[in-house]
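Student: One-letter residues, chain by chain:
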Amino acid sequence: MIRELVLSLAFLIAVCGQFAQAVEPSERLADPVLEERARTLSKELRCLVCQNQSIDESNADLAHDLRILLRQRLVAGDSDQQVLDYIAARYGVFVLLDPPFAPVTYLLWLTPPLLVFGTGALLVARARRRRPEQQLPALTQEERARAALLLGERG
Amino acid sequence: MLVEIGHFALVLALLVALVQGTMPLAGASVRSRPLMDTAQPAALLQFGLVALAFAVFMHAHIASDFSLRNVFENSNTAKPMLYKVTGVWGSHEGSMMLWVLMLTLFGGLVAALGRSLPMTLRARTLAIQGLLGFGTLAFIIGTSNPFDRLIPAPVDGRDLNPLLQDPGLAFHPPFLYFGYVGFSITYSFAIAALIEGRVGAAWARWVRPWALTAWCGLTIGIAMGSWWAYYVLGWGGWWYWDPVENASFMPWLLGTALLHSAAVAEKRESLQRWTVLLAILTFGMSLIGTFLVRSGVLTSVHSFAVDPTRGVFILALIAVVIGGGLVLYALRAPGLEAGNPFALVSREGALVLNNLLLCAGMATVFLGTFYPLFAEVWSGAKLSVGPQFFDATFVPILAPAIIAMVIGPVLAWRRGNLRAALRRLAPAIVGALLVPAIAFVFDRSTPPAALAGIALASWAMLGVLADLGDRSGVTRQPLGAAWRRLRHLPRGTWGYAIAHFGVGVLIAGIVVSTAWRSERIETVHAGDVLQIAGRTLRFVGVTEGDVANYHAQRAQIVVERPGSAPTTMYPERRYYAVAQSQTTNTAIVTNGFGDLYLALGDPDSQGGWVLRAYYNPLVPWIWFGALLAALGGLVSLSDRRLRMRLPAAARTSAAAIPTGSTDPR
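Top to bottom, those sequences are chains U and L.
Going left to right, the first sequence walks through residues 1 to 155 as this note's numbering numbers them.
Going left to right, the second sequence walks through residues 1 to 665 as this note's numbering numbers them.
Simulated from the structure, these hints should not be mistaken for laboratory data.
None of these values were measured; they are calculated from a predicted model.
A portion of the hints provided could be inaccurate.
Partial chain U-side listing against chain L, Cβ under 8 angstroms, derived [to be verified]: (1) V23; (2) P112; (3) A127.
Covered by chain U, according to a simulated footprint, are these stretches of chain L (three or more residues, beta-carbon under 8 angstroms) [unchecked claim]: (4) 376–386; (5) 410–418; (6) 521–535.
Away from chain U, derived, C-beta distances all over 12 angstroms, residues of chain L [stated by the list, open to error]: (7) P80; (8) L117; (9) V312; (10) V345; (11) T393; (12) I402; (13) L422; (14) S564; (15) D602.
Don't be surprised by glycine CBs; every beta carbon is placed ideally from N, CA and C.
Looking at chain L on its own, in the form it has when it is part of the complex (with noise of 0.2 angstroms):
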């Protein structure tokens, strides 16, 4: 009964979804306002029916109802009850579940909290949301529904992907498809501005703070997600330019060029429909990611042509919103007003750089992760894109940018000083030889990528704390003075240091863990002994036994390192016997600066048994960096917040003025 309550749930939010994305868009152009009503509480409705048959669904999954079949596959009773709940979004149908809750939940948030917004960009905003969402739930209940039943019930599931029966990965999807959804709302104002024929700064102010918002999620998203790969995939990478890593970094490629040039529409109004366009890119590339993983073409061009209805079904989804997104820029875009002229040099023009080296980067990542399937259906040539394509294209073509990123907060807007510029960031030019001059000194044989690596995080990391010491005034004014002058400097350019300063951290994580690993992959027996990175390793022995849904062998071993005291480390396999297949859990000790990371591998008949043992030098820094990344985005979200409040009170003003063209800023 519960299940048909969803199943019905979900069927009402496509109506509701059809009446969000058809009555709003009517009453708009003709200027209806009961018609307009009607968006916002068809908004929050089919948010909350979503909410409803998300939670039935979920409800089915922890009381183990094996007449879905979805729990049936997925799920066992001996599940762990984390996973349970987690194991909803581990299937196809789960996952497209959590896709429109995150859809609607957006399209709820605007219905919530824009009632300063003015009317019909609202309207259009939470129309072109209802459309997507309508799109999204004809997919799901036509060709992947979570609620079809199995009759006769089965008494027991099949279980869940053991691989997926892990905290890292039972968490990461929320925050992901928060981020990789979230641009919807970004897609939806853009369709909206090209519909009303205006991108205005107050716009360009309504906007930002959603692609930050949905931008924060996505980055947490991904550096869990290769957190993950790290610690379960047994020999320390974290990132793999595999296709579908792929598919969430082109949208977050996207989404950072987006929110940064929101800021110069919202700042400077310029750069208006650069900014339209990004914004319906950004969505788009989500969308063709999810068609990416969603319809196996991944895997090879046959098993797309073996079950085609979700991948022709999505193919044509993108190519409504993307096709049907771009016809109407260019409709409508040279319409639009010219944003103010900027000089090359100027906080604009960085600004412009970046975006241009995001865009072509994403371009590159996009070209790689397609190349092969275009080749085989152009020429039947298989060939493969690897690692080393992605090394050589897109680290080069992302450097500059790195450099740019620092440069560019200390330029004026309009028409900067460059060499004014560097000498406030002398500091960070002088740090950007020293370091990796020292880590020269300290190591002779460090290749020169690895050298300007270290460069490059030092001038990202340094650039960021010498723009702070110039903004406060430390080398003009008492300490005390420049003390007070940083603590009233704007959240907003808070978050920008603490982000910029995360991607330093972050590449300093990436470049000295691939410089300066070691490695030990030896056969042991108890009581062998192994030396790594000035630690030494004695193994002591496996037991075996088991746990919950599986069975474990569990290796000990003790690490002794001169001068601190001795501690143990348990790797483990895993065997887990309804889903047959075996895992491998990793033991990681980390002091912050590197990790000791240790993975068993299989015996051997003589007792003996293959350790991996890797020390990996500031790798917990690739995951720090980009949380603070977020945390930035975050801290600069606060700053919006507060902002939020004043078009409330300009809104007065800001109806009486048709664009915001006279907006004295």
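The following block holds chain U by itself, in its conformation from the complex (with noise of 0.2 angstroms):
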């Protein structure tokens, strides 16, 4: 199916130019501390126009307009969270490619340890209480007879 990429990809070429575009040299800041940061936000924020990419990764305008602003805001002196958050505020969560943890996504973040965890402690239980089955001590005379009332009672 990595065919079918590559018909989106047609379209996203079309929105989002040629590839081994993204990041130009241009854009770049001079501190390399602040660069590598940026370089690490980008790859979290996804380019709108274009169908799956982060900004990094994306040779739209909007992308490169993005890429710009995050550097202004870094450069500014915000923290890594407050750049995220500040684009949120302005083009909406669908920005984020690392959704947050908030009520809509709880489901999302949580389906999986709950899947591993969950079903790992059913296999180990049903495994637990069908071996203890097959060494059960033969009952006693007493138990015998108890079952046997019991049984007698019932039927």
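Take the two lone chains, each set in its own frame, and fit them into one complex as the hints suggest.
Tutor: Below you can see the structure in the form of structure tokens.
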């Protein structure tokens, strides 16, 4: 189905220009530490006019503007979270590729661990339950009598 | 005229599929041999007719018959011949033709090779395959007919999307579809077994090689697709967690689980019901993947509403195939024979853990892929689920599976001894601690996640070697004897060893290329020099020219490295005039341990060019590892094929015994 990736990419090229573009040398910040943070952040922001690209990968004008905007925020002294919040406040949570843990995403974030631990516990419990059955000690005389009594009563 | 013959063959195939889907099924329930005997010729005929239609369609592409709408929309007289051929599956209609070709191919293969199958099982399996063919053919003829005409015929076509005019992409769809659709046959086997009401060891013995065959195709197909993305997209990424990639990855994950549970079902007569369920779900995932991609629901809910015919049709097909399969499962599974019990610590136990984790991983990918859609429908919230989500959830789920993958094969069936197993794996444990420690000594800034990844990769590779060493008895006997023992290990064992080793290689490639990649993005002028990963890149300049159906801008870069001869690399930009689109052709030089990767970007107004240079260490190991995994599957398959002769001899006894339950193994 990767072939269909291509078909969707055809659309993407139309909007987002050619590949191998993304980050331009002219956009870069002089401070390498700040630039490094900018790169990490730009991988977490979605290019809104592309199909499924971060602004780090996209050549769309909007992505270019966002890359510059986030660098301006970093230079102004924002923390990483502040930059993300700033951009999300203006463009919507849709821009965040790393979905925040919020009511609307509880199900998204909690299902995987619940699934693993839930089914795991279930399987272990079943295996535990099944094993003793095989090595069940024989009934004592007294238990046998009680069992017979109970069965007799029901019948 | 030829086109009409192809069109006619396609419609005839639909009718044959209907016969194949009904008569043998009826025959099996009333024990009518003549009715059951229709299955084989029908399956072969259906394949023949679809192959004929496919050949005609391909001929139309090769001959540039623009009276076909599909050829007009996807071809051009100037297009190179290779892409005229491979352009056949470059469009929606063509790829659905390839889909149904594979579907009928598998039906035909079972008809041709399955002579030793129990008669009713074979009839029912082929009938289900026939019904699947009927559904797909109805979809093609009803909503995506490749033989639609254009009158009058245009003089020339619109050309194929240039991205598809690439050897990597030209050849991977057949592999991908072979795998994707190959799981249809395990689905048919599963449904047939549910109708029969029994799942014996004989059933599992038949299902396993088919699952393995499909799995190998899918593995190669996904690896090729990822390799294509790597060299075409121009910044060295190789996996994007894109919905269309996930569409092929989900059946792969379930198919891997199926492969392993089928092994338990065959060898230990345990987990049969689970194997049947997995077989249903694996093919279900293939269909959901098709829906995901074909309906347009990916781009947005709205694009689905614009042209819903195809989407609704596939959705209905999914509902029938998965829903019907699951209902049948719910009704019949409780009546299937219970599996042999096993302890928690045993090879079966390890395989159950592997199945659990693979399925949870699949569910996570599914959730991440569809969540934005669900959220939008439920609450109207538009949100994105990007690679960060998958990295944070999928990776921790699969990591324990890799740990278990090494321990499982050294545990005994039924009841294993964990301490003894770990003792046999002692060299691997030492290695898994030592290798990351060495990496840390060389690079103190290595992130902890990378160290953990290296430990995991070393564990996977060394674990296989430790197990092979142990099996050969190299510590207990002379080398010659150990070598002989190693050589005489069953092919199945070699298959497992190669495939699991390949997984280790793959992880090493992923971890190292992610952690130690270097990148330079600069604007360069003729004569400029760049340094990357101990190499000097000298930018000579850019030449332009027209080639075939595109215009090329070709940069020349001389790469020098102390102690070796200079090499020249030519990254390109191409402009396809008819399709009006631009592509980037990267230049990659590899030595097997790392890739130097160059991509040419935009020119600026002062004669400068943006050049992107990357050094990706161990990145080739990603595809090398995936190919090893597929190779392991093939080696294991060659063992199966030898064993396939056995049931022929054992058939009479198997026929005498009603079910496989008395099988002494």
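Student: For every hint, state whether the structure bears it out.
Tutor: These are the hints, each one checked on the structure:
1. At its closest, the beta carbon of V23(U) sits 6 angstroms from a beta carbon of chain L; the interface hint therefore holds under the 8 angstroms criterion.
2. Because the smallest distance between the Cβ of P112(U) and any Cβ of chain L comes to about 4 angstroms, under 8 angstroms, the interface hint for this residue holds.
3. The interface hint given for A127(U) is met, as the beta carbon of that residue sits about 5 angstroms from the closest beta carbon of chain L, less than 8 angstroms.
4. Counting residues of the segment 376–386 of chain L whose CB lies closer than 8 angstroms to any CB of chain U gives 7, so the stated coverage by that chain holds, three being the minimum.
5. Residue count for the segment 410–418 of chain L with a Cβ under 8 angstroms from a Cβ of chain U: 0. That is fewer than the three needed, and the coverage hint is violated.
6. Requiring three or more residues with a Cβ within less than 8 angstroms of a Cβ of chain U, the coverage given for the segment 521–535 of chain L holds, as 3 such residues are present.
7. At roughly 18 angstroms from the closest C-beta of chain U, the C-beta of P80(L) stays outside 12 angstroms, upholding its exclusion from the interface.
8. Against chain U, the non-interface label of L117(L) holds: every CB pair exceeds 12 angstroms, the least being about 31 angstroms.
9. With a closest Cβ-Cβ approach of about 18 angstroms to chain U, V312(L) is found to remain outside the 12 angstroms limit, as its non-interface label requires.
10. A beta-carbon of chain U is positioned within 12 angstroms of the beta-carbon of V345(L); the least distance is around 10 angstroms.
11. For T393(L), the non-interface assignment is contradicted: its Cβ lies about 4 angstroms from the closest Cβ of chain U, within the 12 angstroms cut-off.
12. Consistency note on I402(L): stated as away from chain U, and its beta-carbon is indeed over 12 angstroms from all of that chain's, at 15 angstroms minimum.
13. Every CB of chain U lies more than 12 angstroms from the CB of L422(L), the least distance being 20 angstroms, so the non-interface label holds.
14. For S564(L), the non-interface assignment is confirmed: its Cβ lies about 27 angstroms from the closest Cβ of chain U, beyond the 12 angstroms cut-off.
15. The beta carbon of D602(L) sits about 7 angstroms from the closest Cβ of chain U, which is not more than 12 angstroms, so the claim that it is off the interface is violated.
Hint violations for this structure: numbers 5, 10, 11, 15, all remaining hints satisfied.
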